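2 protein chains.
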Amino acid sequence: MQSNDFQGPVSVAPVKGKNKAKVAVLGAGISGLSTAYELERAGYDVVIIEASFRAGGRNMTVRHGDKIDEMGHTRYCQFDQDENLYFNCGPARIPGHHKRLLHYCRALNVPLQIKANSNQLAYIQDEKINGGKPIRQVDYRADANGFLSEMMSKSIDKGAFEQQLSEEDTENFLSYLKAFGSLNEKGKYTGSDRAGSQRDRMLFPPTPKAPMPLHDVFKSDVWRGVSFASQIYDWVEPLMEVKGGMDGIVKGFLRNISSPVELNAQVRKIHNLSDGVEIAYEQAGKLNTIKVDYCFNNIPAYFMAGIENNLSPDYLNALNKFKRGHLFKIGFQMRERFWEKEGIYGGITYTSQDNAQLWYPSHDIHAAKGVMLGAYCWDEKQCARFEAMTPEQRFKYAAQCGENIHPGYSGYIENAVSIPWARMNNQMGCGIHMEKEDWEHCLPILQKPDGRHFMIGDQISQHSGWQEGALAASQQALSQFNQLQASITSSHGAAYVS
Amino acid sequence: MQSNDFQGPVSVAPVKGKNKAKVAVLGAGISGLSTAYELERAGYDVVIIEASFRAGGRNMTVRHGDKIDEMGHTRYCQFDQDENLYFNCGPARIPGHHKRLLHYCRALNVPLQIKANSNQLAYIQDEKINGGKPIRQVDYRADANGFLSEMMSKSIDKGAFEQQLSEEDTENFLSYLKAFGSLNEKGKYTGSDRAGSQRDRMLFPPTPKAPMPLHDVFKSDVWRGVSFASQIYDWVEPLMEVKGGMDGIVKGFLRNISSPVELNAQVRKIHNLSDGVEIAYEQAGKLNTIKVDYCFNNIPAYFMAGIENNLSPDYLNALNKFKRGHLFKIGFQMRERFWEKEGIYGGITYTSQDNAQLWYPSHDIHAAKGVMLGAYCWDEKQCARFEAMTPEQRFKYAAQCGENIHPGYSGYIENAVSIPWARMNNQMGCGIHMEKEDWEHCLPILQKPDGRHFMIGDQISQHSGWQEGALAASQQALSQFNQLQASITSSHGAAYVS
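Taken in sequence, the protein lines are chains A and B.
Number 393 in our numbering belongs to position 393 of the first sequence; there are no gaps in the numbering.
Every position in the second sequence, counted from 1, becomes a number in our numbering once 1000 is added.
Hints are not guaranteed to be accurate.
[As the list claims (entries may be wrong)] List time: in silico DSSO-like cross-link candidates among lysine-lysine, alpha-carbon distance up to 30 Å: (1) B:Lys1154 with B:Lys1243; (2) B:Lys1369 with A:Lys436; (3) B:Lys1178 with A:Lys243; (4) A:Lys133 with A:Lys67; (5) A:Lys291 with A:Lys16; (6) A:Lys369 with B:Lys1251; (7) A:Lys178 with B:Lys1154; (8) A:Lys16 with A:Lys341; (9) B:Lys1341 with A:Lys154; (10) A:Lys251 with B:Lys1369; (11) B:Lys1067 with A:Lys154; (12) B:Lys1209 with A:Lys178; (13) B:Lys1436 with B:Lys1381; (14) A:Lys341 with B:Lys1243; (15) B:Lys1133 with B:Lys1436; (16) B:Lys1396 with B:Lys1381; (17) B:Lys1243 with B:Lys1067; (18) A:Lys448 with B:Lys1209.
Since the hints were made in silico from the structure, they are not lab data.
Note that the structure is a prediction, hence the values are computed from the model and not measured.
Let's have the full structure, built from the sequences with the hints guiding it.
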C-alpha cells in the first residue's frame, strides 16, 4: 500500500543475559495488548494493569449476560444466548489497508469475513425532504449522478474549459459523463435503470422511474453525505469484520499472552525514577506499589490529571490538551430480520434524526433473529441528548426514530443495549478532540518517551478511534523503546546489550 | 422492492383426486429444478430429463476431481481437496433485489455470505495509459470525481444553468460538488486523502498524492467502465454468494425434490398431442418414449432445431431467432493469497487485456491458498481467441496477462480450469443474443404455452445469464400452467378441478 509501508511489527531488541527487564503496560486496550504481546515475545517480564473488570478497552462486543458498565446505569445484556446475537460496541469495521491490524488477525488466527458497509438498497431519510419519507440510496445516486452529468455535458459544450481540455479530451470527457450519469442519446438524464425498473425487470423491458425534482436532489445534508461516505479512505469497499464479534482480536491477544493481566486495578501513581518507573495501583481496596524498568501507558490522556506523577511539565502540558470525544451506540435485538424482506442485506441507512444511522447485520443471513444498530452518533449535541437519558428512555427514543424509516420497527425490538462511551467507566470518552495547532505541537512530544515512560494508544496516533491507530502508536513506541534501551546503562546493564 | 413485487412463488393449483398428472421437465438447470420443485409440492408426478452427466446447468461449481465437459477437451479439476478451493464457473453473485432466488435460498436452507465485488483497492490497468502499469481504483476515483467537481464548480459560477437552478439550488449544488470531489477551500482539486496518503497516515498528517494528468483520467475505456460498474443495478453493493460454492442452490433443490432426475438423457423428440405431450429421449444407447400431461422445456432454444417436434410455425420461428452468447472463465488455484498482501480482500481488477477481469476470493480470508478468477470475458472476439486454444494454451496466455498486473503472478499458479461456455457440451453458449425487434416479437410468443408445452429458462426472461431470470421464467410458466390447467377438460379431468 503506497500509504502504509508497514512490513511487519517492530522487532523488539530481545532481552539478553539472565536478568529479565520488567515492563508495566497500563491499560489492556488494543494498544496495550499488542505492546505486551511484542515485549513478551522478545523475552521481557510484562505485567498489564487494567482499571476495568475486562480487557479490550473500546474493543468490546456484548452478548447474553455481559455487563455494561455505564456510570450510574449498570445494565446486563439481555440478548438471547446465541453466538450470532452480539453487538460490537466499539470498532466494527476493518479496511484492507489497515495492515497492522490485519497482520495481527493473521498472526493470532482471528477469522475474518466481509462486512457489507455501503448498501445502495438501504435508505436515506431527511425529515425536510420527500415528506420525511425514506428513499433508497440507489435512487438518489442515479439521480444525483444523472443531473450532475447532464449539467456538466451542457456546460462543456460551451467550451468552458477549452484551455484545459483538448478536443480529444473533451470527447473522452463527454463519453465519460454519458456513462457516469447514464444519459440518453441526447445527453439528457431522464431516469435510469440503474435504480431498477417500475415493472418487473425480469419479465418486462426496463422502465425507469422518473427522476426526483432537481431542487430536492442536492438539498439535503444527509443525502449529500451519503454520496461520498464510501469514498472516505477508511470506508472504501470492501470492509471486513471478525467472525463472531470484533473482540475476537482481544481474545486472540489474550490466548497468546502469558503475562498477568491485573483487572479492576486502578493506577494511582506513576513516578519516573533514574533507573525505572514506580507504579502504584489500587486493587480490591489495597494499594500495590511495583517498580519496573519501563512503563507503557495506555490510560486515556484526560485521566492523567487525576494520577499522581512526576512527568515533565512539557509532557504534562501536552497531556492536558486532550479532550475526550463523544460517541453513542444502541444495539437492538430484533425478533425478525425484517430488513432482509426489503432487500437489505447489511449496510447502513442514514437519517437526519438523532439516531443518525441504522446498521443491518450482514452475517448470519436469513436467520430467525438479528442484532442491528439502532443509533450511532458522534455529534456532541446528538450524543448529549442520548447521554442525558436513562437507557430505557434512549431505547424508546431510538425506536421512535426508527419508525420513520421502517414502519412497525418498534414492534420487532426484543431488548437493547446502549453504549455512551463518554459515560462508560474507565473510558469516559472515545476518540480525541484537539485544536489543530495544539495537535501539531503536542503529538510529537507524546510520541517520545518521558524518562522510561512511553505513551501509547490510538490517542497519540493521527487516527484516534481506530484500532489501526492504536497499533501504530504501539509500534512507534516500541521503536522508541529500542532506541532508548540501546542507549541506557542501567542496573540491569548486562540484560540490555542489543 | 419497487421494481419487483414478488411476494412468493406462484401457488400451483394442486392435483385433486386420485390420478396424478404427469409432467416432464426437460433440463435440470435452475429454471427446470425450481419448476419441478413447485410442481412436486403441488402433488404432480414429475420426471426431470437432463442431457448432461450432472444437474445444475450453468450453475456449476468445480472442486477437486470434477469433470469439465468441454467438447474435445475433457479435463478434470486438479484443485487440492479442500472445501474452500472451488470455482464458480457460472453465476457467482446475488444482489439483494433478486427476491426469487433469495426466496429459494431461504426455503431450501442454502447458507449465504457477503461477497466483495467492488474493491477500490484493486487495480485498473490499460496498456495505453500510465505506461501500462496498473493503478488502484481508489486513486482513479478520487481524481475523476475531483476533476469533474472542479470543472463543474467553475462552470456553475458562470450561471450556465440559471434557468434550472435557483440561488439556493446553486449553493446546495456547489456544496454537494465540494463534498463529492473533495475540493479544497478554493474549489480546486489538488489530490485527496480519499486515496490515502503518501506518508503513513496513522502517524503523520495526510499528504495526498498529486493527481494524475487530466488528459489520462478520462481517456481509458477500461477506467471509464470501472467508474460505473458498481452502479449497474445487478452489481450494486452489497452482493452475496452461497457459502461453499454457488451449486449449494442446486444441491438445495435436489435435497428437496424426490422426483427422478434422469441424467445423460438427451431429448430426441417433443410431440404435442391433443391430451398431452410425447417425449422421446436417448439414454445409455436406448431410446425411451414417455407420454406426459405437460412438458416444461428448459433446453437451450438454439438446440431445438435438432430435436424432432411438431411445435407451431410461429413458435418454431421464434425459437430459431435465439443466438447463443459467449462467455469464458478461467480459475487458477494459487499457492499463496498474494493479493491480500497488497491489501486486496476480494473484488475485481479490470484490464484492457483479453483476460478482462481478475476476481479475488473474499471467503476464507488469510488461508494458505485460494482459487481466483484469472479471466472473465463475454466479448465475442476475446472469447473466440480463448476458445480457439487448448486449455493449456489458455492458462499460459491468461498467466502472461496477469503478470502485467501482479508481477510474479505465474509463479503462484498451481493448477487451473477453463470454462468456455460456448464449447461446453449440452450448453454450447451462455446468455442470449437477439435483435431488439426480434426480441420484442419473439419473447411474448415463447412466454405462452404451445399446446401443453411451456418454454422455461433464463433464455425467455428479460435477464438471460442470471439465475433470477431463470426463476422468473419458471414462475411465469407456472402461472400460465395454472390458467391452462383450469381450462382443460382432459382424460384426467377430475384431477384438475382448481
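Structure-based check of each hint:
no.	hint	verdict
1	B:Lys1154 with B:Lys1243	violated, 49 Å
2	B:Lys1369 with A:Lys436	violated, 45 Å
3	B:Lys1178 with A:Lys243	violated, 37 Å
4	A:Lys133 with A:Lys67	violated, 37 Å
5	A:Lys291 with A:Lys16	holds, 20 Å
6	A:Lys369 with B:Lys1251	holds, 25 Å
7	A:Lys178 with B:Lys1154	holds, 20 Å
8	A:Lys16 with A:Lys341	violated, 62 Å
9	B:Lys1341 with A:Lys154	violated, 44 Å
10	A:Lys251 with B:Lys1369	holds, 25 Å
11	B:Lys1067 with A:Lys154	violated, 56 Å
12	B:Lys1209 with A:Lys178	holds, 28 Å
13	B:Lys1436 with B:Lys1381	holds, 21 Å
14	A:Lys341 with B:Lys1243	holds, 20 Å
15	B:Lys1133 with B:Lys1436	violated, 39 Å
16	B:Lys1396 with B:Lys1381	holds, 18 Å
17	B:Lys1243 with B:Lys1067	holds, 21 Å
18	A:Lys448 with B:Lys1209	holds, 28 Å
Hint compliance for this structure: hints 1, 2, 3, 4, 8, 9, 11 and 15 are not met, and every other hint is.
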